[in-house]
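Enquirer: Each chain, letter by letter, is given below.
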Amino acid sequence: MWFDLQDDVGDSFELEAKGGVVVARSDDSALMALADSQRLHGVTAQKVDSGELHSLEPYLHPDLHSGVFYPQDAQCQPMLAAAHILRTVIARGGAVISHAQVKKILSHDGVLHSISTTQGDFRAPIVINAAGTWAGEIAALAGSHLPIAPRKGFILVTEPTQHYIFHKVYDSDYVANVASSDADLQTSTVVEGTRSGTILIGASRERIGFDGSMNYDIVRTLAAQATSLFPVLRDVNLLRVYRGFRPYAPDHLPVVGEDAEIKGLWHSAGHEGAGIGLAPGSAELITQLITGKTTFMDPAAFAPARFARVSI
Amino acid sequence: MSAPINFTFNGSTYSGEAGQSIAAALISQDQRVLRTTRFDEAPRSIFCGIGICFDCVVVVNGIANQRSCLVEITEGAVIVSKQ
Amino acid sequence: MILVIGGGPAGLAAAVAIARNGQEVTILDSAPRAGGQYWRHRTRVDGYKSEKSAMYLQEVAQNPLIHFISGANVWSASRVKDGFAINYLVSGNELTVTAQKLILATGAFDRSLPFAGWDLPGVMTPGAAQSLLKGHGVLAGRRVIVAGTGPFLLPVATGIAAAGGTVVGLYEAQSPLRWALSPVALLLNPSKFAELLYYAKQVRKYRIRIQFGKGVTAFDTHSAVVSRLSSDLEVVAGSEEKIECDVVAVGWGFTPDVTLGGILGCAQKVDLDGTVIFNVDQNQRSSQKDIWIAGEATGIGGSDLALVEGEIAGLDCVGIGISPSLAFRKIRKTLFARALQKSYPVGNGWKKWSRNTTKICRCEEVSLQDIADSVTDLGAFDSRTAKLFTRAGMGLCQGRICSRNVSEIVAGLQGCQVSDNERIGYSNRPIATPISLGELSDGKSTK
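Residue numbers (our numbering), protein chains in the order written: chain A, 1 to 312; chain B, 1 to 83; chain C, 1 to 447.
Because the hints were derived from the structure by calculation, they are not lab data. All residues carry an ideal CB built from backbone N, CA and C; glycine is no exception. There may be inaccurate statements among the hints.
DEER-style ranges, computed between Cβ atoms [claimed, not checked]: (1) A/Arg39 x C/Asn348: 54 to 62 Å; (2) C/Lys352 x A/Lys293: 53 to 61 Å; (3) A/Thr44 x C/Asn356: 42 to 50 Å.
Isolated chain A, as found in the complex (with noise of 0.2 Å):
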């Protein structure tokens, strides 16, 4: 969907499908049960013994044996993405209202009326809520309730360096760590490079509310990991960390659908980690839910009434 995108959008944001690897550590029955039910779905995950693996990655650590390539696994520089797409929105005839915050959400009788920025008032009878992280204090002015919570994560960027990493690498614990429930800290890593030459170190998890501080411990155990994957890296410099929030809801879905309460107000929020690979198709779902057209998988999954309030 991102290519499509890409094409219609008719510019460049560094769209690369470069493939992604998941290495397992030491016992790898639950990675290759998870590709199982991944091919199911239609996924192309391909396993690879020892000689794939390194020569998909050369300087992965020698003793790790075996993984699973994904060869639809893709990246872009989402900042430059976004960009390009209010362009063309402008282009075709959208408006851009920017630095404008959310101030009031006014209704009449569950149906949506009107919304006031700091930029001026609004009326619209459709409005999506499409605030990431702070998707449920939008949903809060509009008198509805949405439990999306903050996600805090590190992410390291290091020096521009040779062509080290080749795909997307994750560790096979990541798999796991995004689906926990855990509030605790987890780390567990995937490492990429980048077109710019930098590599990127991830990720790091842990539900602390919006607490920007920065945790130098973090940034050693992921730099840990990142070595233990990648020996090479050690002589590799880290330059500067990233710190931000992951909009999740509790049970790690998307919320994409109408407000149980109010009429006209909808949400597309909640990707955790996942925000920019699944834009276009939550924007795909939204829209044909919205215009009333047969939707292209099945939403019930991901309505916000999944999480309606329980009144006693």
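On the provided structure of chain A, position chains B and C as indicated by the hints.
Expert: Chains B and C in isolation, oriented as in the chain A frame:
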């Protein structure tokens, strides 16, 4: 005066005094270009001279991105502009 | 334990004040020798009032209560149970020192402005020319132009000439008459006349040609274009002349290094000259308990003010009251620092010195055109968004050289002023100096 320190830069031999930075030793011998850039392959030399700008980075004994204005020359050091 | 970070005039004065009051103190510095960027030396200190700097350097070397750790690059700092943990690198090894009290004296570095050819070998900051000469005994070039603005150009030019180099010209962009704007500051600092006289003699001795109201606006490895400039640094049309040279040492004041205090959460503000500095009280206390800040990081003021601030920080840190005479000296020097800012302003006329192809971000090779396109085509509205679209400021130096310039360029294209929040944003970074992933992996948790 202590004995001169010998090192190589991009395969040629240079010498300098103990305590001199790589950049200072090279500039004193008219070797002003220290590297070329990643994208345009444009020549670069020392700029801030105090380790802030990273314009003078070279590969010292296999370790990339070393600031030649700070790193002192050592006997037998192998220094190259690029890996 | 008391830890001083930075071994320039402010840090040394703090350490000396602490040791003279009988307490132990450790200084961490990234250079091989004490003295900082201003008191640079290899074997002996020379230049104006060298006996003063020599006194501090000697005391640091000889007082058994002062420990000096050289070659230490601090990459991170955090508050721990009973004080602070400072993580630093010494020749590739990571070490941690803990301290109950911290004095930050992290200094400043030259501010650079882009112009056509500024990324060619041969263009450097006055600080680089000074460091090559004083720190390493090497002349930056055969025919050197010293240019920009501020009193630091004088020791650089006279130093090169004294070492046998040819100073083709010293171009000070601002008029000396601007000092007339600050009569009180001048009258309260008569010692500055003596310093000026010292340099005037040096300039005459080495026959250095000083010209005011001019600056280097282009360079092509063999020659520089020197133009007459307005006080806002706009080129006066038709005034350009070509001067043969192989090096131009050009600097536009200084940028305080606020990284470490920023990591530790010390409150910052924007100074009159647009630099980001720390908020400190009259005793150099920062907004964070047990952290004092002295020297350029509390406002560019030169070594005299740094010495006074360092002494005050050191005394307050060991609980000694500040005498009225020391407090008055700080007021005098602060007034002089203000006068410096008024006398050597850096206007925004420099934006026209670049061609469209001139790299504004030297690390990531981002041109003026790239930045302009990010504003007009992609909707960048500040240095942060321009950085995300173009990578300007994302390179090895982490925007230390270009961020402020990118910010001014973006604001100019939008017809607005750079906000204080934006200035504080681009002046801070979580990793103070690059550290290898191997060193990070091997490091111990500080909790």
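Enquirer: Does each hint hold? Answer for all of them.
Expert: Hint check results:
Range check, A/Arg39 to C/Asn348: about 60 Å between beta-carbon atoms, so the 54 to 62 Å window is met. Remark: the range hint 53 to 61 Å for C/Lys352 to A/Lys293 is upheld by a beta-carbon distance near 54 Å. About 45 Å separates the C-beta atoms of A/Thr44 and C/Asn356, a value consistent with the hinted range of 42 to 50 Å.
Hint compliance for this structure: every hint is met.
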